[in-house]
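**Student:** Spelled out, the chains give:
Protein chains: 2
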Amino acid sequence: MVLFEEVDLLDVGGPYEVLLTANRLVQRGGDPPPFDLITASLDGKPVTAYGGLGLIPQAATGDVRDVDVVLVPGAVAIDRALEDGRLVGLVRAHSRAGGLVVSVCTGAFFIGAAGLLDGRPFTTHFEDLDALAQRVPAGNPLDSVRWVDDGDLITAGGLSSGIAMALHLVERLAGRPLAEATARQIDYDWTEQR
Amino acid sequence: MVLFEEVDLLDVGGPYEVLLTANRLVQRGGDPPPFDLITASLDGKPVTAYGGLGLIPQAATGDVRDVDVVLVPGAVAIDRALEDGRLVGLVRAHSRAGGLVVSVCTGAFFIGAAGLLDGRPFTTHFEDLDALAQRVPAGNPLDSVRWVDDGDLITAGGLSSGIAMALHLVERLAGRPLAEATARQIDYDWTEQR
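In order, the protein sequences belong to chains S and L.
Each residue of the first sequence is one higher than the one before, counting from 1143 in this note's numbering.
Each residue of the second sequence is one higher than the one before, counting from 1143 in this note's numbering.
Just so you know, these hints were derived from the structure itself, not from any lab.
A few of these clues could be false.
Heads up, the list lumps identical chains together, so a pair's fine if it works in one copy or across two of them.
[What the hints assert, rightly or not] Simulated crosslink set (SDA-like; lysine to any residue; CA at most 20 Å straight-line):
(1) Lys1187 with Gly1204
(2) Lys1187 with Gln1200
(3) Lys1187 with Pro1174
(4) Lys1187 with Ser1286
(5) Lys1187 with Asp1205
(6) Lys1187 with Arg1262
(7) Lys1187 with Asp1272
(8) Lys1187 with Pro1279
(9) Lys1187 with Ile1198
Looking at chain S on its own, in the form it has when it is part of the complex (with noise of 0.2 Å):
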């Protein structure tokens, strides 16, 4: 999970504490946790959250190594943080080398930013969604869902939809019963949010 100046808590946190719930779930049946989440910014530095809480990651991005999934989470400014290259540029590599690469909110514009996004489905911020089409005009933007899988590409809505997302996620990599125990143990209505 990718952290940078001005994200978005949410976009972090549902995600955050949707696979540590899982992870948590399995290893009470006594099984090892599936998912091995990892918070990294770019130079392993703390980077301050939108509204002035400070994250320190667990790691830089160049130093973790076997990745699967990189997740992007989105912010209000989105713009100031593309405008460092580096991030697209991971999220390029990782789509490149075959990962699965996964975007909250307005995290879906450093997809689109890496050229990822062309005759693809994908989602974002219902109030961004026009500008990101803008973008990538060979996209295929869709309005009302919650998040989109599309193989190797995963976008999620604003927000809260990172919360379903994380939950698809779930039940994509680890199982349904797993990700419907994960929505219950958070207090999450899935069923109705999916």
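Given the structure of chain S, go ahead and fit chain L onto it with the hints provided.
**Tutor:** Just chain L now, kept in the frame of chain S:
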């Protein structure tokens, strides 16, 4: 908003994002933001959230003045958090001075330990409701609710319930239209989730 070791990130991130989003919507309209949200740990130093992400608070609790609302998030290992009696003392003092105390998830255990739940309706994470009820036998535990607003005490259920409760807090302190606009902005289906 009080931070402590092993705090659950979603308990923090949900209400944090709701209140900041409400602020942003009001500012868009040209008015001053209704909420002055400050994250604080007892000594002002960073804490590590459950799962390993570090959080750098904006202040030490003792340095924050004129506090209207104390929000206490929860933790999986709530008993370890209760060992340091200072947070319990802070909650008790704020309540006795007439302030509003709000909890998410097992954050309600701080309120119970402060002796504030006798004769009061409350809730917490569904797995922990019986345990908290045993500690406050004169209290009135409520199951299957997302939050309980009992005037100067508001307690929410597990994790994502903190989002629904925070939207209620926006409604109570700044009006229903802003709460509805905030729910829409964070892509949260508040009507069904109430």
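**Student:** Please go over all the hints and tell whether each is borne out by the structure.
**Tutor:** Cross-check of the supplied hints:
Taking the shortest Cα distances, Lys1187 and Gly1204 sit within 20 Å of each other inside one copy (12 Å), while across copies they are farther apart (27 Å). Within a single copy, Lys1187 and Gln1200 get their C-alpha atoms as close as 9 Å, and across copies as close as 17 Å, so both meet the 20 Å cut-off. Taking the closest pair of Cα atoms, Lys1187 and Pro1174 never come within 20 Å of each other, the shortest separation being 30 Å inside a single copy and 33 Å across copies. For the homomeric pair Lys1187 and Ser1286, neither the shortest alpha-carbon distance inside one copy (36 Å) nor that between copies (41 Å) is at most 20 Å.
Taking the shortest Cα distances, Lys1187 and Asp1205 sit within 20 Å of each other inside one copy (12 Å), while across copies they are farther apart (26 Å). Taking CA atoms no more than 20 Å apart as the test, Lys1187 paired with Arg1262 passes in neither setting, with 34 Å inside one copy and 45 Å between copies. For the identical chains of this complex, Lys1187 and Asp1272 are neighbours neither inside a copy (33 Å) nor across copies (41 Å), given an alpha-carbon limit of 20 Å. In this assembly of identical chains, the alpha carbons of Lys1187 and Pro1279 never lie at most 20 Å apart, being 35 Å within a copy and 47 Å across copies at closest.
When the C-alpha separation of Lys1187 and Ile1198 is checked against a cutoff of 20 Å, the pair qualifies both within a copy, at 7 Å, and between copies, at 12 Å.
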